[in-house]
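Colleague: The primary structure of each chain is shown beneath.
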Amino acid sequence: MIKFEHVGLRYGVGPEVLSDVNFILEPGSFHFLTGPSGAGKTSLMNLMYLGRKPTRGLITMFDQNINEMERARLAKIRRRIGVVFQEFRLLPHLSAFDNVALPLRILGRPEREIRNNVNELLEWVGLGDYMKALPLTLSGGQQQRVAIARAVIGRPKLLLADEPTGNLDDEIGLRLMNLFDQLHRMGTTIVIATHSQHMMDKFEHPRMVLGDGTLKIEAPKSWIQKKIKGVF
Amino acid sequence: MSFFMPGDKKLGVSTGKRRYDLPLNKGAGTGFLILLIALMTFLGVMALAGSFALGSMAHHWSSGLENKMTIEIPADNGDRDIRDRAQIEVLSDKINDALSAKNYIRSVHVLSQEEIHDLIAPWLGEEAGNMPDMPLPGLISVDMITVNPRLMEEMQTEIGAIAPNIVLDRHESWLGDILRLTGALQFATIFITLMIGATTIIAIAGAVKSRIAIHRKDVELLHLMGASDRYISRQFQRHALILALQGAVAGTIGGALILVGISFFAGDTASALLPEFTLNMVHIFTLILLPAFACMIAAVTAKFTVLRELALMP
Chain R
1 MIKFEHVGLR YGVGPEVLSD VNFILEPGSF HFLTGPSGAG KTSLMNLMYL
51 GRKPTRGLIT MFDQNINEME RARLAKIRRR IGVVFQEFRL LPHLSAFDNV
101 ALPLRILGRP EREIRNNVNE LLEWVGLGDY MKALPLTLSG GQQQRVAIAR
151 AVIGRPKLLL ADEPTGNLDD EIGLRLMNLF DQLHRMGTTI VIATHSQHMM
201 DKFEHPRMVL GDGTLKIEAP KSWIQKKIKG VF
Chain G
233 MSFFMPGDKK LGVSTGKRRY DLPLNKGAGT GFLILLIALM TFLGVMALAG
283 SFALGSMAHH WSSGLENKMT IEIPADNGDR DIRDRAQIEV LSDKINDALS
333 AKNYIRSVHV LSQEEIHDLI APWLGEEAGN MPDMPLPGLI SVDMITVNPR
383 LMEEMQTEIG AIAPNIVLDR HESWLGDILR LTGALQFATI FITLMIGATT
433 IIAIAGAVKS RIAIHRKDVE LLHLMGASDR YISRQFQRHA LILALQGAVA
483 GTIGGALILV GISFFAGDTA SALLPEFTLN MVHIFTLILL PAFACMIAAV
533 TAKFTVLREL ALMP
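As they're listed, the protein sequences go chains R and G.
Each residue of the first sequence is one higher than the one before, counting from 1 in the numbering used here.
Each residue of the second sequence is one higher than the one before, counting from 233 in the numbering used here.
Worth double-checking, as some hints may not be accurate.
[To be verified] Calculated Cβ distances over 12 Å to all of chain G for the following chain R residues:
hint, residue
1, G8
2, N22
3, D129
4, Q142
5, G154
6, D170
7, Q182
8, T194
9, S196
10, Q197
11, G211
12, T214
[To be verified] Below, a list of computed lysine-lysine pairs in the DSBU-like style, where the Cα atoms sit at most 35 Å apart:
hint, chain 1, residue 1, chain 2, residue 2
13, G, K449, R, K216
14, R, K157, R, K3
15, R, K202, R, K3
16, G, K441, R, K132
17, R, K202, R, K157
18, R, K53, G, K535
19, G, K535, R, K132
The set of hints was computed from the structure by calculation and includes no laboratory data.
Since we're looking at a predicted model, the values are computed, not measured.
Glycine is no exception: its CB is placed at the ideal position from the N, C-alpha and C atoms.
Make a model of the complete structure from these sequences and hints.
Modeller: Printed below as a string of structure tokens:
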């Protein structure tokens with residue numbers, strides 16, 4: 001599914017934020033991405049959702065070499081990735097409904113299908129009464145739920161979430177983690193960047209730990225051998 | 233064409249079938265761009281109309297005079313004596329008889345005193361032609377079936393035999409200069425039209441770039457969500473097209489009103505030298521097509537500007 005080989009990233013002429021990152025994520029796996037502030041979690045997520053190209057190294061996604069891929073094919077790969085950004089990045093002039101509908105519209109799905117799916121999902125995340133609301137009129141938690149709904153509406157093959165439950169109360173947070181779990185069981189590969197030790201303890205998934213620009217996988221050895229073929 | 237669906241009036245708001253993801257109409261400069269395109273189209277209409285009018289004039293002058301010439305019997309007989317009207321009439325008749333028999337001449341017309349009076353009246357006043365002592369030349373208008381140097385030489389010899397200082401004027405000297413002048417003016421108007429087009433392209437590209445800069449985060453988001461370059465550029469294209477259509481239609485209507493005004497006023501005052509200021513159907517059709525052309529320029533410019541900006545994204 002995703003393979004990083006000796007991947008490094010630097011911004012401009014600054015020092016390497018990520019250096020020699022190596023890992024393989026199998027299809028349908030679930031990982032937490034964690035590490036201290038400034039360790040490069042967001043940068044690694046950025047590389048994974050193809051927001052940047054690595055300064056060095058090789059990235060393979062969905063069995064395709066990203067480094068040499070042409071733009072049109074990169075767009076198709078991006079459509080298979082759902083992203084929950086830390087700062088939500090909702091389009092402020094679009095309603096909650098239209099924000100969530102965006103990935104389906106990009107995919108060119110029929111309007112009737114979009115209406116049904118978006119209505120259902122917004123109801124499910126508890127925003128059935130806020131479909132026409134603009135993001136600025138929603139609370140942080142509500143905006144986060146819209147962002148999560150937008151990320152999952154297109155049934156992505158890979159879901160990347162940067163601190164997705166940070167602004168949510170426990171009940172909604174748990175509900176959304178269950179949604180991620182449900183997507184995981186349906187075969188979606190999930191990577192969640194988080195600081196929350198509580199969440200990582202509650203949901204026993206392997207952890208990708210970033211530190212000093214490199215990445216380690218932490219989990220029971222037997223589990224790692226079974227699920228992840230990583231290059232350390 | 234579905235550019236004017238009701239949803240278009242509310243850019244940035246999803247409405248049924250037509251939808252914009254970016255609020256391109258919400259921001260300073262939209263009205264300015266419409267005004268700019270309106271002015272450019274107006275100038276384009278004026279420049280093109282000028283070019284067409286100059287073309288018509290040149291055609292009118294050259295086609296009207298290409299087989300015509302004027303024979304002038306000077307009032308001065310060459311020996312510092314003035315020919316009286318009777319002498320001029322005799323010479324005119326001789327020339328008329330000599331030339332009318334030629335098979336390459338369609339018609340010969342000796343201008344009467346009244347016609348000569350009409351010609352000089354604008355220059356010397358109404359009374360000039362009525363003064364009996366005023367020496368006036370005799371004028372003969374000749375319309376030839378065909379013109380070539382050999383025939384011209386033959387005519388010159390024939391006329392020279394009647395009286396040595398009779399002048400055969402083919403209008404070439406002044407007509408050539410005027411045609412060169414109108415050609416240069418026509419080229420200038422076409423060049424101005426092209427410059428107007430280039431300025432419009434630069435202005436639209438600048439406006440699109442500024443819109444991308446304003447909405448860069450939103451554009452990046454669409455890009456990261458897998459929107460193709462075409463999907464994103466189409467939104468800018470449609471926006472530019474709508475603005476261009478509004479501006480171009482206004483500019484063309486403004487230009488058309490001015491042209492109608494010019495035609496109305498110039499129609500009464502045009503001298504015999506200037507042909508009527510009229511546009512034929514091809515010209516009118518071309519001017520009507522100008523807004524469509526402006527829209528095409530706007531859409532294509534927007535498209536390529538956006539694609540170029542998107543190419544900078546990973």
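Colleague: The structure should be examined with respect to each hint, and the outcome stated for every one.
Modeller: Outcome of the hint check:
Its beta-carbon lying about 16 Å from the closest one in chain G, G8 (chain R) satisfies the requirement of being farther than 12 Å from that chain. N22 (chain R), annotated as away from the interface, keeps every beta carbon of chain G farther than 12 Å; the closest lies near 21 Å. Against chain G, the non-interface label of D129 (chain R) holds: every CB pair exceeds 12 Å, the least being about 18 Å. With a least CB separation of 19 Å from chain G, Q142 (chain R) remains clear of the 12 Å interface cut-off, as annotated.
Non-interface status of G154 (chain R) relative to chain G is broken: a Cβ of that chain comes within 12 Å, the nearest being about 9 Å off. Non-interface status of D170 (chain R) relative to chain G is upheld: no Cβ of that chain comes within 12 Å, the nearest being about 29 Å off. Every Cβ of chain G is farther than 12 Å from the Cβ of Q182 (chain R); the closest lies at roughly 22 Å, confirming the non-interface assignment. At the 12 Å boundary, the C-beta of T194 (chain R) stays outside the reach of chain G, the nearest C-beta of that chain being 21 Å off.
Listed as a non-interface residue, S196 (chain R) keeps its Cβ farther than 12 Å from every Cβ of chain G; the least gap is roughly 25 Å. The Cβ of Q197 (chain R) sits about 29 Å from the closest Cβ of chain G, beyond the 12 Å cut-off, so the non-interface label holds. Distance check on G211 (chain R): its Cβ is at least 26 Å (rounded) from any Cβ of chain G, clearing the 12 Å threshold; non-interface status holds. The claim that T214 (chain R) lies off the interface holds: its Cβ sits roughly 23 Å from the closest Cβ of chain G, which is beyond the 12 Å cut-off.
Simply put, K449 (chain G) and K216 (chain R) have alpha-carbon atoms about 32 Å apart, close enough for the 35 Å limit, and the pair holds. For a cut-off of 35 Å, the pair hint linking K157 (chain R) to K3 (chain R) stands: about 15 Å separates their Cα positions. For the given pair, K202 (chain R) sits about 27 Å from K3 (chain R) by alpha-carbon distance, which is consistent with the 35 Å threshold. About 31 Å separates the Cα atoms of K441 (chain G) and K132 (chain R), which keeps this hinted pair within 35 Å; it holds.
In summary, the hint linking K202 (chain R) to K157 (chain R) is supported, as the alpha carbons are separated by about 24 Å, within the 35 Å threshold. Taking the CA atoms of K53 (chain R) and K535 (chain G), the gap is about 25 Å. The hint holds against a cut of 35 Å. The hinted pair formed by K535 (chain G) and K132 (chain R) meets the criterion: a straight-line CA distance of about 31 Å does not exceed 35 Å.
Violation of the numbered hints given earlier is confined to hint 5; every other hint is satisfied by the structure.
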